[in-house]
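J.: Spelled out, the chains give:
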Amino acid sequence: MIRLENISKSFNGTRALKNLSLIVPSGRTTVIIGPSGCGKSTLIRVIVGLIKPDSGTIHINDNLLDRSSVRELRRNIGYVIQEGGLFPHLTAAGNISLMAKYLGWKNEKIRDRLRELCELTKFPRDGLSRYPVQLSGGQNQRVSLMRALMLDPDTLLLDEPLGALDPLIRYELQTDLKEIFRSLKSTVLLVTHDIGEAAFFGDTILMVRDGEILQKGTIQDLVKHPADPFVSHFIMTQRSPMEFLESSENEKIAE
Amino acid sequence: MRKLLNRILSCTLLLALFSCGSAPEVKIGSKKFTESVTLAEIAAQLAGKVDPHVKHLRALGGTRVLWDALVKGDVDLYPEYTGTITEEIFAGRHLQGDREIREALVKYNIVMSNSLGFSDNYALGMKKSLAESLHITAISDLKKYPDLKFGFSNEFMDRADGWPGLKNAYQLPQKNVEGLEHELAYRALASGAIAVTDLYSTDANIRYYHLITLKDDKHFFPEYKAVFLYRAQLEKTAPKALKEMLKLQGMIPETTMVRLNKLVKIDGMSENQVASDFIRKHFGTRTDFEQMTFFQRLFLRTKQHLFLVAISLFAAILISIPLGIMAFLWPKSGQFILGFVGVIQTIPSLALIVFMIPLLGIGNEPAIVALFLYSLLPIVRNTHSGLNDIARAIRESAEALGLSAPARLRLVELPLASRSILAGIKTSAVINIGTATLGALIGAGGYGQPILTGIRLNDVGLILEGAVPAAALALLVQGLFELLEIYFVPKGLRIKSEIANG
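In the order they appear, the protein sequences are chains A and B. Here our numbering is used: position 159 in the first sequence is 159, and no number is missing along the way. Here our numbering is used: position 297 in the second sequence is 1297, and no number is missing along the way.
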């Protein structure tokens, strides 16, 4: 469980997070959605300790996140970002096992864990010896996910993990990811700006704007009982091919 | 990587042992012009007959360099001129006569020998045929010919003890006077474009162009008697060698010196050969002198050059990479570090090397320190920018994994910056190899030695003998670093993407 209390953060006088409180429950997937610059990425980077909030506290599984605990807590958090953030000088296997090697895991244990992860993420085993430049964007995101899962963390933070992928690969990975989240029973916090993706993953969806949470609930809550005109506006303005179909149908009826 | 480092270290140590063997007891210096080198070589060969530990540090530089080296004890003896002592070393003290000079030198424990037999004065020269037809033998005779055209070196035109003073002292009426390059003046004399020029009384060109020097009948020019300056302690530490060298007092009249200069400058003989011939003729003994083949010279200079480059570059790498890392980790102090190494780079190399002499004397040490300082900037800057240019996503990913700052540096950041760091080292190495040629100015040897001699003797062949190996070495070292990339730059950074993204 992740618990944020009264988190505020400003950059050069602009407030990115405004007195934000939030609980991410264990074993479930929580999705943060909002427009660009709403503070959703800042929020996730505050939780992993990359940004220090100006005020407020963060607890991860009841441990206070501060300077002294951050490194220890991070080892129990898997973090995946849009561009993958893979180390170009290491092979896929090198990327995934970097932290385990640093912690002194035995080679055999690393090998077994790599095999498990390849199965879990449907990554071809022979791709492990390749470098990030030799892998496709979708494969790189699978490697990034394996790196996040290597130490078997109980919390996963994903910052637009599929944002840079083309629709087909994205669709495939969405399906695989959801299956993985379900099988691992992890606490997942995922950031996206795609309402479809949010609806697909989110047990709970948080709509964020200007550093504040506008509404928290299921996709049904957001669609049927929007707490703010912005919520419906945000949901409505995402194009779906269906709307074109519907409008042409309507035109026909009118004739 | 560690193995390679060890190997480099042991190589450098070996080189250090090589060149710092037994210290020679008698070090003879010379200035960077032919007469000084020839005189010092004669002294060195004479002393070498009785003392095996004699070393000639040839063509070190100007008066300042030699005098500082003599006072510090890096040089035990060198040829000097009384006029230079009064006008330059003790400028402004208006010393008169040998006795006052000797008294002034006592404070520094330096002794001046008696005259070697000739003076290297400023003089006015004319074509012999012209002077004879006009019956001119002395400077005061020039008053009778107000229409003669004078051409003087620019320095002589400007100095108070040059043309302005001379004109006053002799009341010379000539109006047609122009400044020109010294080397051109001889040709202008020969062609008749000018009638009179300034020269040194032992100038080799006097014979070559059939000139005569006019008598300074009013004793206007200060006297530049050739002498040896030496450290007083030489009388105790190497009395036999000193005695041999002092045999030269009064032995070299002006005509002899002109002949010796001509043999080197115009006939192209080596100073060593000329010195040896002189000794055989006047002392009746044969002397040994270093006469190396081309490849022996090349080997020696390569060794000297590599020694300078290897130690200074190795030290620079050891210091610069941590400095670059510091500048990356603490941006505020980083500005200071980058600024400081940048300022060092703006000091002209010759100035920096000469500046080192009072601190470190002459020889390898000041050259190595100067080269070390010049090698800092490219490595510091490339280390800093290599680390700074790592994408934020990658840096934050390493942090979010839970790696400590030192572990991030070691496992992620430094490997990613390796190509940039290596490029910085490559730049430093090439700059270093080029700048090391200046080491010859302060007795560190290397490829600069033939370049300096070549410039002095206007010998393009000699210049190339230094410049070509220096360029070849720079290329070789550059190629070596390209190979090192395979070891130091991780494979993932060297391969190109094989898959079109999408």
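What the hints contain is simulated information worked out from the structure, not anything from laboratory work. There's no promise every hint is true.
[Stated by the list, open to error] The calculated lysine-lysine pairs, modelled on PhoX-like cross-linking and capped at a C-alpha distance of 25 Å, are:
1. A/122 - A/52
2. B/1055 - A/101
3. A/52 - B/1332
4. B/1215 - B/1149
5. B/1247 - B/1167
6. B/1243 - B/1055
[Stated by the list, open to error] Reference listing, derived: stretches of chain A covered by chain B, where coverage requires no fewer than 3 residues with Cβ under 8 Å from a Cβ of chain B:
7. 2-15
8. 96-103
[What the hints assert, rightly or not] Per label pair, the in silico range of CB-to-CB distance:
9. A/112 - B/1491: 22 to 28 Å
10. B/1487 - A/126: 25 to 31 Å
11. A/237 - B/1392: 27 to 33 Å
12. A/72 - B/1487: 32 to 38 Å
13. B/1319 - A/175: 53 to 59 Å
14. A/102 - B/1351: 48 to 54 Å
15. A/108 - B/1392: 32 to 38 Å
16. B/1487 - A/13: 47 to 53 Å
17. B/1471 - A/69: 30 to 36 Å
18. B/1343 - A/166: 19 to 25 Å
For glycine and all other residues, C-beta sits at the position ideal for the given N, C-alpha and C.
J.: Given a hinted range of 25 to 31 Å, is it respected by the beta-carbon distance of residue 1487 of chain B and residue 126 of chain A?
T.: holds, 27 Å
J.: Given as covered by chain B, does the segment 2-15 of chain A meet the bar of three residues or more with CB within less than 8 Å?
T.: Not satisfied, violated; 0 residues make the cut.
J.: Starting from the range 27 to 33 Å, see whether the pair residue 237 of chain A and residue 1392 of chain B falls in it by beta-carbon distance.
T.: Once the Cβ atoms are compared, 30 Å apart, the range 27 to 33 Å for residue 1392 of chain B and residue 237 of chain A holds.
J.: Sort out whether residue 1167 of chain B lies within 25 Å of residue 1247 of chain B, counting only the CA atoms.
T.: violated, 40 Å
J.: Determine whether the Cβ-Cβ distance between residue 1471 of chain B and residue 69 of chain A falls within the hinted range of 30 to 36 Å.
T.: Roughly 59 Å apart at Cβ, these two residues miss the hinted range, so it is violated.
J.: Do residue 112 of chain A and residue 1491 of chain B keep their Cβ atoms within the hinted range of 22 to 28 Å?
T.: holds, 26 Å
J.: Verify the CB-CB distance for residue 1487 of chain B and residue 13 of chain A against the hinted window 47 to 53 Å.
T.: holds, 49 Å
J.: Can the restraint linking residue 1215 of chain B and residue 1149 of chain B be considered satisfied, given a maximum Cα separation of 25 Å?
T.: At roughly 19 Å apart (the allowed maximum being 25 Å), residue 1149 of chain B and residue 1215 of chain B satisfy the hint.
J.: Is it true that residue 72 of chain A and residue 1487 of chain B lie within 32 to 38 Å of each other by Cβ?
T.: Since the Cβ atoms of residue 72 of chain A and residue 1487 of chain B sit about 36 Å apart, the hinted range of 32 to 38 Å holds.
J.: Are the Cα atoms of residue 1055 of chain B and residue 101 of chain A separated by 25 Å or less?
T.: Status violated; Cα separation ~60 Å.
J.: Given a hinted range of 48 to 54 Å, is it respected by the beta-carbon distance of residue 102 of chain A and residue 1351 of chain B?
T.: holds, 49 Å
J.: Please verify whether residue 1243 of chain B and residue 1055 of chain B have alpha carbons no more than 25 Å apart.
T.: Holds. Residue 1243 of chain B to residue 1055 of chain B sits at ~16 Å (cutoff 25 Å).
The structure fails to meet hints 1, 2, 5, 7, 17, 18 from the earlier list, while all remaining hints are met.
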